[in-house]
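Asks: Sequence:
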Amino acid sequence: MHSTVDPAWGETWPVYRREGDIVFLKFYKSFDPDDYATLIETNYLDRGATCHPVIILKLSSGGTHAIITTVSAYGSNGHNHLPPWEQPRHIRKCPEDFRSFEGSARVSSSHRLLYLEDGMGMPKPNASWVYIRSLWTVPVSVFAVLDDAPQELRLTQASLEDLLRHMEERCGPRLRECRDRLESGGEATPSSGAPLDNRYSGN
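Taking the working numbering, I'd label the letters of the sequence shown as residues 1 to 203.
Keep in mind that the hints are not guaranteed to be accurate.
[Claimed, not checked] Using 35 Å as the maximum straight-line C-alpha spacing, the simulated DSBU-like pairs for lysine-lysine come out as follows: (1) K93 with K29; (2) K124 with K93; (3) K58 with K29; (4) K93 with K58.
Please keep in mind that the hints were generated in silico from the structure rather than gathered at the bench.
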(Lines of atoms letter the chains of each structure in order from A and count residues from 1; the text may use other names and numbers.)
(Lines give C-alpha, C1' and ligand atoms only; values in the text may rest on other atoms or scores of the structure.)
Protein backbone atom coordinates (compact mmCIF):
# COMPACT_ATOMS: atom_id res chain seq x y z
CA MET A 1 0.00 0.00 0.00
CA HIS A 2 1.44 3.38 -0.99
CA SER A 3 0.65 6.97 -0.13
CA THR A 4 0.18 9.58 -2.85
CA VAL A 5 1.21 12.41 -0.52
CA ASP A 6 4.43 13.48 1.17
CA PRO A 7 4.89 10.87 3.94
CA ALA A 8 6.15 13.61 6.28
CA TRP A 9 2.54 14.78 6.38
CA GLY A 10 1.13 11.35 5.95
CA GLU A 11 -1.87 9.59 4.53
CA THR A 12 -3.84 8.23 7.47
CA TRP A 13 -3.23 4.54 8.10
CA PRO A 14 -6.18 2.23 7.37
CA VAL A 15 -8.50 1.27 10.20
CA TYR A 16 -7.27 -2.32 10.25
CA ARG A 17 -4.07 -2.59 12.30
CA ARG A 18 -2.35 -5.35 14.21
CA GLU A 19 0.13 -5.46 17.06
CA GLY A 20 3.56 -5.88 15.52
CA ASP A 21 2.76 -3.67 12.51
CA ILE A 22 5.42 -1.14 11.52
CA VAL A 23 3.84 2.14 10.48
CA PHE A 24 4.94 5.74 9.98
CA LEU A 25 4.68 8.34 12.75
CA LYS A 26 3.66 11.55 11.02
CA PHE A 27 5.60 14.80 11.32
CA TYR A 28 4.46 16.56 14.48
CA LYS A 29 3.48 19.72 12.60
CA SER A 30 0.85 17.68 10.75
CA PHE A 31 -0.84 16.41 13.92
CA ASP A 32 -4.39 17.62 14.40
CA PRO A 33 -4.77 20.31 17.12
CA ASP A 34 -5.91 17.90 19.84
CA ASP A 35 -3.08 15.44 19.22
CA TYR A 36 -0.55 18.27 19.04
CA ALA A 37 -1.74 19.69 22.34
CA THR A 38 -1.74 16.30 24.08
CA LEU A 39 1.54 14.95 22.72
CA ILE A 40 3.76 17.88 21.72
CA GLU A 41 2.77 20.86 23.85
CA THR A 42 3.03 18.70 26.97
CA ASN A 43 6.50 17.49 25.88
CA TYR A 44 5.29 13.90 26.26
CA LEU A 45 6.32 12.84 22.74
CA ASP A 46 9.70 13.98 21.48
CA ARG A 47 9.51 15.92 18.23
CA GLY A 48 12.55 13.99 16.96
CA ALA A 49 10.64 10.72 17.17
CA THR A 50 8.19 11.88 14.53
CA CYS A 51 8.83 11.20 10.83
CA HIS A 52 10.12 7.73 11.73
CA PRO A 53 8.85 4.18 11.44
CA VAL A 54 7.35 2.87 14.67
CA ILE A 55 6.39 -0.58 15.90
CA ILE A 56 2.89 -1.01 17.30
CA LEU A 57 3.64 -2.92 20.50
CA LYS A 58 0.14 -2.94 21.96
CA LEU A 59 -3.26 -1.68 20.81
CA SER A 60 -6.04 -0.49 23.09
CA SER A 61 -9.17 -2.63 23.21
CA GLY A 62 -11.00 -0.14 21.00
CA GLY A 63 -8.08 0.26 18.60
CA THR A 64 -7.88 4.01 19.20
CA HIS A 65 -4.46 4.16 20.88
CA ALA A 66 -1.21 2.22 20.73
CA ILE A 67 2.04 1.79 22.60
CA ILE A 68 4.88 2.42 20.15
CA THR A 69 8.65 2.36 19.88
CA THR A 70 10.70 3.94 17.11
CA VAL A 71 12.88 2.28 14.49
CA SER A 72 15.84 4.36 13.35
CA ALA A 73 18.99 4.18 11.26
CA TYR A 74 20.69 6.58 13.69
CA GLY A 75 22.39 8.49 10.91
CA SER A 76 23.69 5.41 9.13
CA ASN A 77 23.47 5.29 5.35
CA GLY A 78 24.50 3.15 2.42
CA HIS A 79 28.20 3.79 3.07
CA ASN A 80 28.15 3.86 6.85
CA HIS A 81 26.40 1.25 8.94
CA LEU A 82 27.94 2.36 12.25
CA PRO A 83 25.57 1.20 14.99
CA PRO A 84 24.33 3.77 17.51
CA TRP A 85 26.23 2.37 20.50
CA GLU A 86 29.49 3.10 18.64
CA GLN A 87 28.53 6.71 17.89
CA PRO A 88 29.76 9.48 20.24
CA ARG A 89 26.33 11.09 20.58
CA HIS A 90 24.88 7.88 22.04
CA ILE A 91 27.83 6.97 24.25
CA ARG A 92 25.81 7.47 27.45
CA LYS A 93 23.17 4.96 26.41
CA CYS A 94 23.60 1.39 27.57
CA PRO A 95 24.38 -0.80 24.54
CA GLU A 96 22.12 -3.52 25.96
CA ASP A 97 19.15 -1.19 25.44
CA PHE A 98 19.46 -1.41 21.66
CA ARG A 99 17.83 -4.12 19.57
CA SER A 100 18.77 -4.90 15.99
CA PHE A 101 16.74 -6.04 13.02
CA GLU A 102 17.99 -8.91 10.89
CA GLY A 103 20.84 -7.61 8.72
CA SER A 104 21.90 -4.86 11.14
CA ALA A 105 24.83 -5.01 13.55
CA ARG A 106 23.99 -6.09 17.09
CA VAL A 107 25.68 -5.56 20.43
CA SER A 108 26.06 -9.23 21.28
CA SER A 109 24.31 -12.55 20.99
CA SER A 110 22.59 -12.01 24.34
CA HIS A 111 19.47 -10.82 22.52
CA ARG A 112 17.98 -12.25 19.36
CA LEU A 113 17.70 -10.29 16.16
CA LEU A 114 14.28 -8.87 15.34
CA TYR A 115 12.62 -10.55 12.36
CA LEU A 116 9.84 -9.52 10.03
CA GLU A 117 7.26 -11.93 8.73
CA ASP A 118 8.26 -14.00 5.70
CA GLY A 119 9.02 -12.04 2.55
CA MET A 120 9.21 -8.67 4.27
CA GLY A 121 12.28 -6.43 4.48
CA MET A 122 13.16 -3.18 6.21
CA PRO A 123 13.75 -0.15 3.95
CA LYS A 124 17.26 0.11 5.49
CA PRO A 125 18.14 -3.57 5.94
CA ASN A 126 21.66 -2.90 7.28
CA ALA A 127 20.75 -0.01 9.57
CA SER A 128 17.56 -0.58 11.56
CA TRP A 129 17.68 -0.40 15.35
CA VAL A 130 15.28 0.02 18.26
CA TYR A 131 16.19 1.86 21.48
CA ILE A 132 13.92 0.08 23.91
CA ARG A 133 13.52 3.05 26.28
CA SER A 134 11.87 5.10 23.53
CA LEU A 135 8.28 4.22 24.44
CA TRP A 136 5.08 6.23 24.15
CA THR A 137 1.32 5.79 24.01
CA VAL A 138 -0.24 7.70 21.13
CA PRO A 139 -3.57 7.88 19.28
CA VAL A 140 -3.62 5.96 16.00
CA SER A 141 -4.59 9.20 14.23
CA VAL A 142 -0.89 10.13 14.18
CA PHE A 143 0.00 7.08 12.06
CA ALA A 144 0.51 7.13 8.32
CA VAL A 145 1.51 4.72 5.57
CA LEU A 146 5.20 3.75 5.64
CA ASP A 147 5.73 4.73 2.04
CA ASP A 148 9.38 3.77 1.52
CA ALA A 149 8.60 0.08 2.11
CA PRO A 150 7.31 -1.98 -0.84
CA GLN A 151 4.68 -3.63 1.36
CA GLU A 152 3.16 -3.47 4.82
CA LEU A 153 5.68 -4.58 7.44
CA ARG A 154 5.09 -6.62 10.57
CA LEU A 155 7.29 -8.21 13.23
CA THR A 156 6.97 -11.92 13.74
CA GLN A 157 4.99 -12.79 16.85
CA ALA A 158 8.11 -14.34 18.40
CA SER A 159 10.13 -11.14 17.86
CA LEU A 160 7.33 -8.97 19.22
CA GLU A 161 7.05 -11.07 22.38
CA ASP A 162 10.84 -11.15 22.81
CA LEU A 163 11.07 -7.37 22.43
CA LEU A 164 8.34 -6.82 25.02
CA ARG A 165 10.08 -9.17 27.45
CA HIS A 166 13.30 -7.21 27.04
CA MET A 167 11.45 -3.93 27.67
CA GLU A 168 9.81 -5.37 30.77
CA GLU A 169 13.22 -6.39 32.11
CA ARG A 170 15.09 -3.18 31.30
CA CYS A 171 12.46 -0.45 31.55
CA GLY A 172 9.44 -2.03 33.21
CA PRO A 173 8.20 1.17 34.94
CA ARG A 174 8.14 3.05 31.64
CA LEU A 175 6.30 0.22 29.90
CA ARG A 176 3.75 0.06 32.72
CA GLU A 177 3.25 3.82 32.50
CA CYS A 178 2.50 3.42 28.80
CA ARG A 179 0.05 0.62 29.57
CA ASP A 180 -1.70 2.85 32.11
CA ARG A 181 -2.07 5.53 29.46
CA LEU A 182 -3.36 2.95 27.01
CA GLU A 183 -6.07 1.83 29.41
CA SER A 184 -7.06 5.42 30.16
CA GLY A 185 -7.42 6.41 26.50
CA GLY A 186 -4.08 8.18 26.22
CA GLU A 187 -4.42 10.30 29.35
CA ALA A 188 -1.73 10.44 32.02
CA THR A 189 -2.74 8.66 35.21
CA PRO A 190 -1.82 9.49 38.83
CA SER A 191 0.05 6.19 39.14
CA SER A 192 2.14 6.78 36.04
CA GLY A 193 5.00 8.48 37.85
CA ALA A 194 7.69 10.64 36.30
CA PRO A 195 8.90 9.90 32.76
CA LEU A 196 12.02 7.76 32.62
CA ASP A 197 14.86 7.82 30.12
CA ASN A 198 12.80 7.75 26.97
CA ARG A 199 14.30 10.83 25.36
CA TYR A 200 14.60 10.18 21.64
CA SER A 201 17.88 11.09 20.00
CA GLY A 202 17.83 9.02 16.85
CA ASN A 203 18.09 10.21 13.31
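Asks: All the hints need checking, so say for each whether the structure fits it.
Replies: Consistency of the hints with the structure:
1. K93 with K29: Cα-Cα ~28 Å, so holds.
2. K124 with K93: Holds, at roughly 22 Å.
3. K58 with K29: 25 Å, holds
4. K93 with K58: Holds. K93 to K58 sits at ~25 Å (cutoff 35 Å).
Checked against the numbered hints given earlier, the structure satisfies every one of them.
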